[in-house]
Amino acid sequence: MALGFDHDPEALELELLLDGIYRRYGFDFRGYATASLRRRVWRRANLEGLDTITQLLDRVLHDQSVLERLMKDLSINVTEMFRDPSFHRALREKAFPLLRTYPFLRVWNAGCSTGEEAYSVAIALHEEGLLDRARIYATDMNESALAQARSGAFPLERMQDYTENYLRSGGTRSFSEYYVARGTSAVFDPELARNVVFAQHNLATDRSFNEFHVIICRNVMIYFGRDLQRHVHELFLDSLVPLGVLGLGRKEAIGPPEIAQRYEPLDPTEKLFRRRR
Amino acid sequence: MRDLVAIGASWGGLHAIGTVLGSVPADLPAAIVVAQHRGSDHDLLAPLLDKVSRLPVRDADDKDPLEPGTVLVAPRQYHLLVEGDSVALSTDEPVAFSRPSIDVLFETAASARGERVIGVILSGANADGAAGLAAIRRRGGVAIVQDPGTAERPEMPQAALAACPDARVRRLEEIGPELGRICVGAAR
Chain A
27 MALGFDHDPE ALELELLLDG IYRRYGFDFR GYATASLRRR VWRRANLEGL
77 DTITQLLDRV LHDQSVLERL MKDLSINVTE MFRDPSFHRA LREKAFPLLR
127 TYPFLRVWNA GCSTGEEAYS VAIALHEEGL LDRARIYATD MNESALAQAR
177 SGAFPLERMQ DYTENYLRSG GTRSFSEYYV ARGTSAVFDP ELARNVVFAQ
227 HNLATDRSFN EFHVIICRNV MIYFGRDLQR HVHELFLDSL VPLGVLGLGR
277 KEAIGPPEIA QRYEPLDPTE KLFRRRR
Chain B
-12 MRDLVAIGAS WGGLHAIGTV LGSVPADLPA AIVVAQHRGS DHDLLAPLLD
38 KVSRLPVRDA DDKDPLEPGT VLVAPRQYHL LVEGDSVALS TDEPVAFSRP
88 SIDVLFETAA SARGERVIGV ILSGANADGA AGLAAIRRRG GVAIVQDPGT
138 AERPEMPQAA LAACPDARVR RLEEIGPELG RICVGAAR
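Sequence lines, in order, name chains A and B.
Following the working numbering, the numbering of the first sequence begins with 27 at its first residue and continues without gaps.
Following the working numbering, the numbering of the second sequence begins with -12 at its first residue and continues without gaps.
None of the hints are false.
Reference excerpt, derived from the structure (chain A facing chain B, CB under 7 Å, subset only): (1) Ala59; (2) Ala61; (3) Ser62; (4) Asn245; (5) Ile248; (6) Lys277; (7) Glu278; (8) Ala279.
If you want the ones that stay clear, here's a sample from chain B, every Cβ over 12 Å from chain A, calculated: (9) Trp(-2); (10) Gly(-1); (11) Gly9; (12) Leu35; (13) Phe84; (14) Ser85; (15) Asn113; (16) Arg140; (17) Pro141; (18) Gln145; (19) Asp153; (20) Arg155; (21) Arg158; (22) Glu165.
It should be emphasised that the hints constitute simulated quantities derived from the structure, not laboratory data.
For every residue, glycine included, the Cβ atom is placed at its ideal position computed from N, Cα and C.
So here's chain B without its partners, still in its complex pose (with noise of 0.2 Å):
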């Protein structure tokens, strides 16, 4: 059963996890998590995404549970963690200068979850997220990383797949539904 996905993005997530957003199915039979890199001020991330998903996007509270069909989105200014069948936050320094770190997210996904999560990395300028897809694997996660050439920005992608070579590259429009085919598919 995988019934957490957890995204990771940076330069050009927004466009990028809109896409997978709005294309995965209605009934997906399990939660998300977001961490997107941004600017401090900037508190219009979650309402932007909740206008094109096909689930409700709202920013995380400390010990939201993760609930199947919710889309619970890092804050700015927090890192955003799994802990048991919720998330938690902590302003805990930044982690290669990013508050939220993918990696924390990942990482803290894998511990309390290990095969049940898919971990998805999206357009970004950076490496974050690479260990942490790294760990969703060796937990016996499922790794997709967006096809480098069809990103806005390749870096972030690339170096997912140098530390995870053995992920499923796929493009941006193939995202969604690939998700709803692995949620579904391992639920019947």
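With the rest of the complex left out, here is chain A (with noise of 0.2 Å):
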């Protein structure tokens, strides 16, 4: 008898180790991509010095430390500021445009992980005059991840990329105006993160908590299979205000096409799109 796991018995061990810290500590990556999270958790097991996904199971349920850095290594994703620049210029040139007309603001950075995107559109919105008047959400499931973006600091070895980027994203200014240099850290002004709110959220498992005129959520779905892509894309659809402004990714889709056709391109390449009333 055949039972779907014969040519790859690990994906059944993942699946048991999913649904062990689902139902132990109520976290669900059940929805997730498989190939990226398998390698992300194998490297949690070797650097635990085990050697099948079994015994990381077994670890995971009984030491909450295990759990604690396997929940790191799951949830944090790798970022930078102005990730893309020509999306960075998009979004300034052809999406703040259409929201200088609301008295108020509210952009929804969804999975911010440590920060560098929500402090890249603050930026932004400073330097076309609209950061007074908004408010930047920024959420992400991992509290540590969270901890570091409040914290305003990153590595000052990035500084020289992330100028270049800053620069190439249309940037006005001097880039060096924005932070402080203390030890190996550039420290930010706080005064770019005094409209942005730093909060929990989990796509996954999360209702919508507002209404916004943009989302931006860019490299975070890629590492979701197509049922939870489809439903963070409808969490979305709920949360943007009619015109309101979604941006994905470079290579992301906009999903399926009952969830495309509710959107408009704004600027099809750099994956900005526009709700349709």
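Both chains come to you apart, so use the hints to assemble them.
Structure below.
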């Protein structure tokens, strides 16, 4: 009898691990794309000195500290300031002008990880004179990523790359105006974060919590399976005002056809869309 | 049935991959996925390969389906992974300084497709892909390595052969037709 795991028993171990984590602790990774998840799980198993994913399940169920390390591995995504400068340029040149008529702006940076993108958006809004009437809700499921984001401190060694990104994104000032060097960190001007709210939110399990004029969610849904992607797209539709703007990662689709038809392209190359009325 | 071809290359890869894609049968009954190391600004790889390839070539979007007769290239600054009957992308840290990483593509292809995978290592100046090619062999797939003597840079084929001593060693112009024979022969 073929039960479906013949050629890949490890897929069964991964399912059992995710099921165990969900039933014991409530963290739900069951809808995630498995290929990159499996790599991250193996990385943790290797660091713990374990030989199988089943051994990792055993450790996770009996030792909370192993669970915490695994959660960190599974939930923190690598990001950078003004990643894909052409996206940030399109945001500034094509999306922001549409927002000038609103007396108050709500921006949702969903899956903000360690905060680099939220600060990038805050800088661009500031330079376009919109930050004072904006509030950026930067959310992530991982508290330790949010703690790092709230600190406003990023590695100083990255500033050369970020400065180049910033200039290519249409930045109008000198990037170094925005931070001071402190040891190995670049600490960003707290004024930028005055209208930024860093808060915990899990796209897989939490609901919409406000209505937004802009939602930016880049390279987050690539870690989700198709069903979870659809769920999040529905969440975003529920959370966007009519004519609100959605920004995705450079290689992400706007979702299944019934979702895609709810949007019109604003800059399809840069994956900027506008919700129809 | 072998219906997924995974190709990895680095230095010298544009020419090498172009030669392979220019000499596969136009009715190849397999999907092709490609990881080529390159600079972070280089967006022209897929269009350049598309010009010389007998099969349509494009940058992969997340969750693009694997379709026979089409070539999906890892976009710059992303890892390309095989996820069931589709591809997936990740922005995880570079692996051995590389994003895309050939090992990531090959290992996920081996996990998802087992013996249906043919892994091909071409010219390059580092060891990326060696572990991935060995993973493909362990799962019963086919390993093909460009003859190091005919590669613009031999280091990557040599590393792949060290990890995979029973790989088929082929001159560059032999690889495209051989892919055709393996996939078509197995389909009949």
